[in-house]
Every structure is written in C-alpha cells, then in structure tokens.
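These protein sequences, in sequence, are chains A and B. Here this note's numbering is used: position 116 in the first sequence is 116, and no number is missing along the way. Plus 226 on top of the position in the second sequence (first one is 1) and you've got this note's numbering.
Read the hints as simulated data drawn from the structure, not as lab findings. Hints are not guaranteed to be accurate.
Pairs of lysine-lysine, BS3-like flavour, derived with a Cα cap of 30 Å [said to hold, decoys possible]:
id, chain 1, residue 1, chain 2, residue 2
1, B, 260, A, 43
2, B, 253, A, 43
3, A, 43, A, 66
4, A, 66, B, 260
5, B, 253, A, 66
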Amino acid sequence: MTQSPPRNNWLERLYAVALRLYPPPFREAYAPSMRQTFRDALKDRTLSRRTLIPLVLRDLAISLAKEHLAMLRETFSRPALLCNALVLTGLATGLAFALYSIPQQVLRLGANDPQIAMADDLAARRTRHRARGGRSRWLDRSVPQPHALLDCLRRSGQATGFAGATEWQDSHPAQRRLRQCAPARGRSHQLAASPRCTHRCRHPAREWTATWLRPRRPQHARSRIP
Amino acid sequence: MATGTAPAAPLSPAVFAILLSLAEGEKHGYLIMKDARAPQGGGVQLGPGTLYGSLDRMMRDGLVEESGISDDERRRYYRLTNLGQSVLAVELERLDAAVASARSLGLIPHGGRS
C-alpha cells in the first residue's frame, strides 16, 4: 500500500486530538477503531473532503454531547457512585468553609494588639514622667487615661478592636461627663461655672472656659493688634 | 454486555441503518458507514462518533456483537445477533405496513419504488 499524503496525516492527527474529548471509557474502547474508520474515509476516493470534513465536525459535536450525557446518566443511575459523589461534595464544602473561617478567626484574635501596645507605651511614658517629678498632664481627667484604656482593652478580652473602643468610650469618666453635658446645652451658665468642663465638644461653655483658662496677655501686647 | 432487551419501536435512523447493513453479513465500521450513506441503506450520514456510540448501545442491548475476526487490530467486525435479526424484521414489517397504507391511500403510485 502506498503511503498516505501529508495532508491526510495532518487531518488524522487533528482527529486523534479531538478524540481525547470523549469520556475516558468510551475513548479507551473505541478511539482506535474510530481513528481507523476516519483513515478509511480519507482514503475513499468516492467521498470528497468537502463532504467528509463537515460531516465529521457535525458528528463530533453531536456525539460528544451524547456520550457525555450518557456517562452522566450512567453515573447517576448507580446509587453507590451517587453516594460517593455526595460524600465528596460534603467533604469539599467542609474543607472550603474551614479554609475560609480559620484565617478570619486568627485575624480577629489579633485585632486589639496594636491598641494594647499603644496603651502600654503611654503607661510607660507616664511612669517615666512621674519618676522625673514633673506635673503630669494625665491628671487632667478630660484626657483619656492610658491605664483606663489599657484596663478596658484587657477587660474586653479578645473582642474586636471596635468593640473594645466602644466599651472604653462608655466607661471613661470624661466620656460620661460629655454625655451628661450634651443635653444641657441651654444651661450654658451652669456649665460655664465649672472650669473643669473642658471636654471637646461644640458647647458654648467650652468656648467660654477656654477663654477663661487662657493666660491673659499683657495690655501693651493686646494694643498692638490692629 | 448484552442485556437481551429489544429497543422500543420505531428504531432511530442510525440503528435501523446499522441493522440493515449488518443483515448482509459481518462488516467493519467504515463499511457500515458507507452502506448507511447509500440511498438503499437509508441515506443516513453517519460519522464515526455516532456509529460507534450506536454500536456500543446496540451491543449492550444485544442487537449486535463483535465477530472477533479482524484483519487489523484497530478494525473490528460486527454481526447481527438473533435478537437483532428479530428487531430488524419487526421494524421492516412496521415500515412495510406503513408503506402499504400510504399506497392504498394513493400517496405512492402502484409499482413505484418503495
């Protein structure tokens, strides 16, 4: 027999690659026979390439879908295979959930660490300042006290940073005073009578208090201002 | 593996063309394709995928079997089983009755090709 022309070899190789798309059991059983049939068709002089190639392409599309559907139908008609598939699906879902939730939990556990470190640093600085004998600005109760912040963050345990911050705001004396003063905006004279009301709010009393607490400038210095 | 259950009539054009082709004797894949393409074989355009998919299902239904004789290890020969012959006979009777009915209604001229 004469050797087949190169174009036939190229078409055969392409068809052999396309045969890999069939389901494995079908491919193992029939791929060599299908390839041989295609080779026979290429050698047949009564069948032109214009007829054969569209026929084979259409046949590939239809039979691929048919064989894959048949394989699926056969799989789902066997209870043992279906059970195995369900168990595998359950295991895969559990694994995916674990892979998602464990890093989230680890991130949540370390959420307060930067705040705790900052409070520790503030407390250490305050201790050093006191040891040097200086008057501590921490005595001003309107300023957040580092020990209160630290205690509050430690009390909140491993809660999120936001939760700890909210608890601190509620428990700190300055914050409590702020909430007590806020509804009494109309009674500015009562608030103004207390020079300790130096919280940071837009209360008119704060403006007055700030003016009252500010050191007075000399008369000659004030007169220079145009 | 043959189950021995006959498929419900009417048969699909591919299965009918394969049964009709194998009624002449043992044949390999491309010969079946060629017979099916001919007008007297049903005029069905079978590709290799459809042919071997149909042969696979027909072997499971017990209509055809491999003869075991081969001139090439890649070329398999197939033949009809007894059940396949019976199914083909039933299908031909059904088609014959339909053609006779059409002829009695004057849809097919007497003596014409049927």
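Each hint tested on the structure:
Proposed proximity of residue 260 of chain B and residue 43 of chain A is supported: the alpha carbons are some 13 Å apart, at most 30 Å. Restraint check for residue 253 of chain B and residue 43 of chain A: satisfied, since their Cα atoms lie roughly 18 Å apart, inside the 30 Å limit. Distance restraint check for residue 43 of chain A and residue 66 of chain A: the Cα-Cα separation of roughly 28 Å lies within the 30 Å cut-off, and the hinted pair is therefore satisfied. Distance check on the hinted pair: residue 66 of chain A and residue 260 of chain B sit about 22 Å apart at the alpha-carbon level, within 30 Å; holds.
Distance hint between residue 253 of chain B and residue 66 of chain A is fulfilled; the C-alpha atoms sit about 24 Å from each other, no more than 30 Å.
Of the numbered hints stated above, none is contradicted by the structure.
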